[in-house]
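> Please construct the entire structure, taking both the sequences and the accompanying hints into account.
Residue numbers (the numbering used here), protein chains in the order written: chain A, 1 to 1036; chain B, 1 to 472.
Calculated from the structure, these hints are not laboratory results. Just so you know, not all the hints are guaranteed correct.
Lysine-lysine pairs mimicking DSSO-like chemistry, simulated, CA-CA at most 27 Å apart [claimed, not checked]:
hint, chain 1, residue 1, chain 2, residue 2
1, B, 408, B, 422
2, A, 1016, B, 468
3, B, 468, A, 128
4, B, 468, A, 126
5, B, 408, A, 126
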Amino acid sequence: MRVKAVSECRYRKQSFRGVRSQYGAWERVIVHLIIIYSTAAVFADMPPAVKRSVDFVKEVQPILQVACLKCHGPLRQEGEYRLDVGPIALKGGAGYAPNIVPFDSASSPLIQFVAGQSEGMQMPAKGKRLSDEQIGILRAWIDQGATWPDSANEKLEERMEWWSLQPLQFSPPPTIEDCVHPIDSFVRKKLEEKGLHPAPPAEPRVLIRRLYYDLTGLPPTPIELDVFVANTDPAAYENLVDRLLASPRYGERWARHWMDTAHFAETHGHDQDRIREHAWPYRDYLIAAFNQDKPYSQFVRDQIAADVLAPSDPAAIAALGFLAAGPWDESTLRDIREDTLDREIGRYLDRDDMLTNVMNNFISLTVQCARCHDHKFDPIPQADYYALQAVFAGVERANRSYDTSVAVQQARKSLTQRRTQLENVNPSLRSELLGESMQQAVHDWELHQARRVNSWAVLTSQSASCLEGSTLEQQTDGSFLASGIRPDRDTYVIRGCSTLHAITGLRLEVLADSTLPQHGPGRQDNGNLHLSEIEIEIGSGNRLTIASATSDFDQKDWGVSRAIDGKETTAWGIFPQVGESHVAVFEFKDTVKLSAETMITVRLKQLHGGGHLIGRPRLSITSDKNPLDVLSLPGEIESILSLARETRTEEHRLTLALHYERQRVARELASLPKPSLVYAAAADFEPDGGLKPPPGPRPIHRLDRGDIRNPMEKSTAGTLTCLASLPSRFSLAEPMPESERRAALAQWIVHNNNPLTWRSIVNRVWLQHFGRGIVDTPNDFGRLGSKPTHPELLDWLSIRFRDSGQSLKALHRLIVTSETYRQMSSTSENHYFSVENVQQLPRTDLASNVDADNQFLWHMHRTRLDAECVHDAMLMISGQIDLRMGGPSDRQFDLKPGRHVTPIIDYGQFDLDGQSASRRSVYRFLFRTLPDPFMEALDCPAGDQIMPTRANSVTVQQVLAMWNDLLVIRQSEHLAKQLTAQATSTPSRVDLAFQLALGRVPRTTELDRFVAYTQKHGLANFCRLLYNMNEFIFID
Amino acid sequence: MITRHDFLKSSSGGMGSIALLQLLAKNRELVAAPNAQSHGGLHHRAKANRVIQLFMNGGASQMDLFDYKPLLQARHGQKFDPTTSERVEAATSVPGNILGSPFQFLRHGQSGRWVSELLPHMAKHVDDIAVMLSMTSRTNVHGPASYLMNTGFLLPGFPCFGAWVSYGLGSLNENLPTFVVLPDARGLPYNQRGNFSSGFLPVTHQGTAIHASHAEPLHGLRAPSSAKFITPQSERDGLELLNETNREQLVNGDHDARLEARIHAYELAAKMQLSAPEVFDLNQETKATLQDYGLNNPVTEDFGKRCLLARRMIERGVRVVQVWSGSNGPTGNWDNHSSIIKELPPMTQATDQPAAALLTDLKARGLLDDTLLLWNTEFGRMPFSQGSEGRDHNGGASIGWMAGAGVKPGVAIGETDEWSWKAVHDPISNYDFHATVLHLLGIDHEQLIYQHNGANRRLTDVHGHIVKALLR
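Structure below.
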């Protein structure tokens, strides 16, 4: 995976050189002319028309292009005027239309403007003025009739003739001597045309190292290497390819490529860079999808609309993480006021990210460029763009719950429906609840369950005070809500009584509340609280001894036992599980008798500081022997149960049955395996403050100039009009349900007749194998992108891929078994010319001049190992790698609550020998606004932008990271230990290390030098050198 | 093989890149690529060769610093009614009543500029700076606004100003990064490193964060002290052996510039190891200088130290230094929602003297002739109250100032309405601001382009006009 090099450079060349040749050269000419004519040009009369016949395309258009099109061309149309489209140029011109009067240049405003004859209107407005000669040419053209050939127009229809929009076209592989592999036939044909020759095959040792990294991201072991090199079976290579593709390591490697382009990370980004606890299931989906070799169309459908299109595969819901993979602006989309313009702008931008992710990555068109105006280069009108906005108008990014088993999914569905049904008692439900079988069930329950139930009793006759100034107001549910000033520290004193006759335990609920920061349950800005100590007194001065404490959740290093350890410096906290209620139960050493008048006093000391105060506490007590197991019954039910059965009214029976049935449903729901959560596109989810499920798809309007203040007509969900073979609007009845919109888009993408989809994926896979795509701009098959170097091959591969199972593994196999893939990476041309010949050849014949960028693959591209490969290879070579797969990401940093939402993370404080240090880097937690500096130095993207090709840079920061980062240092020490254990002498240790890291044995001279160095400075220093060698970091 | 294009792409503009390019140019012809001309500019003669930007994180309150509005004080406590059709809304609160500035304003300097009592030091320099009173932002939310003011886009992932300059102009030195960021000791700003990211530009152009208060200010400059097996001798011998081994690999007829570039990168890294500590050695400064910057006072020490480091860095050829005031979070920055009276003075007290000292120092040393000093924030604040005495975000009106190379001193550009609610005369957008600063650096903002993911990207997106009134 290299490569960006090539492509970006081309961009650079294009942009800067383009600019220069466009302006630099012309400027020079113009400057020259101005020096000669300047005084005349500014003040004299209008320059005369040249006295000859003028050709529009050859003479006029170049002047317009240089002088006018910057403001009156495809990118901008100042005054709604443009000089690249004939009809507009001839007829338009805002207040001066028409700007061009055929046969009368003197009356043409255009000429008056460029000649400085019009008060206050001098054109070009910027840059050099036109020379008299140029004005003369323009005048002559107008005087000769201002002919503007149609062929010189920028036209929409012509744009549709662009290569990528044409149907896939089958061409059989060309017949080339000695060529059996179809890929080689196509490539060899092009080489022949260019007078180039393929490089010889790479040595087995080089090839196997290349293949291992390419398919699995890990190096071969010395044994695997030796076995392969010694194997004389002609099928040895193919067998190895199959084995590597079957390895789970393959999915880990290739999922990461897709994560780059999906711009996946596990925090929101922006100023409130909150952690997404449930982003990782999408990563696991990807790894599994690659490993299972999911047919590509299914892979696409899953990621856009698994909820509709994969009903039999509920686990595929995790694929919807794709739509939510990018950044999300929490302040704008959740926290600022709902009715602001900023919120509305934020929503359009958020959908822009989703649709861009889909269209760039699946069909390689830059639809996002049509947000403010029709696409400048490709046939994508603004209307199409807003039709795509409408596809995603019904989803937000949120935690989406799903079941991985079909049975559970169905059980949950029917129980949830029942729960909804139980919310409103209609006549049929009423008769069901009062019916015999239900009443019998209630009776059984009463006998066997209800009587055994003891309950938590919320304290009664309560009062509360605060020592430091918080205000606690009692709520109807017996809780107290804190408000008013928020002191740094406080102690709440809550007093109350109970009807229970004894007390065995106390329950403290810290309740979430919408008035609290992050919905609480704490008052700190991040929603956290810290309970330093809890104390309970019965009557006056009888302090109870707490035997044990448990809670539903403990912040790391802030467990609930710290609230009863007698130390005011330690406390219970609940970060990062903020925004939800939590509970702690305290069990007393002894049972203490109570009377109705006994005053119970509870002190909640919250002394940590920083406003870590409980937002809404509620206290209850129990007399059950085992407080931790106590269930609770609502008071109303208790009072009905206390009545004799025969004295109960029908309403009583109904209430009881309803309670029983609701409890049963709740219990059964609770007994189902917990649903999984994935951070994904979702229409229905738990509200989170100001982020609520949309009431339905939001209306989408085309925005003139992309400005929220200029809404135009309403948009109907749909897709692009530029593919003649496929309908662009969905045949769905209004109102289109949002999920159907996504499904329709997915089906349009994976349609057999959508040529973009198949070319896009085949090219993407090719790119990762060779370091350069057949189309060098993998996400842009439009006019600003590159054209394919091997169009016939691209289509041949696309058709084959589409029509034979859409297996990515088969595509990999096809590519890596070609001779093209297996050739040497060396650019030396001594392979096929003798040294003398090379010297005699004209320089222009040398391959390095004919095809310096190696577009035509006359040798293999050499790649620099990417960040993940460097990281994983070091762990593997050092014997530290842990191949456990899946699950929550490894947070390879120290995490502390931040001053605001964004936590404080410190990569320097991470224990590199700890549990979460040694898995493959695809399982690293990806923090968007603060990426791992080591990985970043090696060009690992942060997930802010769609990144179809990674940079492959060589920088000073990077070598500093390789030389000094603690990761490399620690892995060097681990490798040294490993070598010491596995080999006995320094030479044999150096020898083994070379094989592990470089896949070869050292040459004698090398061995001598490194042994000498090792003897002087130790093995660890030698290992550090090894990891810094070019030969380690580059793959030949 | 790598071509020179690739090589330029992957390594130009970074630490020592110009030197690196020259090294390679001996063997290869180089094509047009952003490469600073002898006059320092990319497209035209540059007025400024380097930039120090002081960035006030959180949204500094314009009507409490420079944008004097007596009407607010006169109508303090009354309902805010600007009598326009535009709706009065605030990002995080219900608009309250008019909140007059609780601070006194006086006229200063020859130019008679109004300055609040919160800036006693800068008040003495109003004739040296150009104040922008009519800056605007397209958003009222920190994340997008900070991105906008740093990268020209509301969304993450775009290259910031410093990265563009590094990309366009390259480095002035071999031993230090091209673009350095000095975050507040309290922590990173809103968007954290997103504000100084190189986005889709090569990573070498990103801002190198230097934590002035840390024991090891520049991460990775030397091996961690916990690595006991590494000694100065093992380091020296090791780099020598590495160099020798890497060079041997070149002798096979291969023309891969990256292999050579990587060898050279180790040499540059070694140079940086030697020269970087010298930058941080403030013992070289006189006691008077340290005092001017406020290093003797805990209130001004952190910002003062970083301003002084910024000067030392540009002296040594760092091209862009960004100094932040304030970290993300509800307090300790310029985001004064709860009380302008209690929250703003600590920010001005910490920064006013150091900023003024930096300006004076640059001037005294002649550095201001080709150095641009910028003072910015992501947006302004509201003329009406949030709660009783705080102010909510305001993208409609904001301030900034600039001084130095090519900047007209002693002027004030633009005007807000009588409330300082919206900029009404000569509004300056982030695009205009960036276009102007790039212009001073010899760059045409419309020509500094990079193609990414199918679009031609610029710091100024598709906008931006040079604010001529700011230019000398």
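> Does each hint fit the structure? Answer for all of them.
Against the structure, the hints:
no.: 1; hint: B/408 <-> B/422; in the structure: 24 Å, holds
no.: 2; hint: A/1016 <-> B/468; in the structure: 65 Å, violated
no.: 3; hint: B/468 <-> A/128; in the structure: 18 Å, holds
no.: 4; hint: B/468 <-> A/126; in the structure: 14 Å, holds
no.: 5; hint: B/408 <-> A/126; in the structure: 22 Å, holds
Going down the numbered hints, you'll see the structure goes against just number 2.
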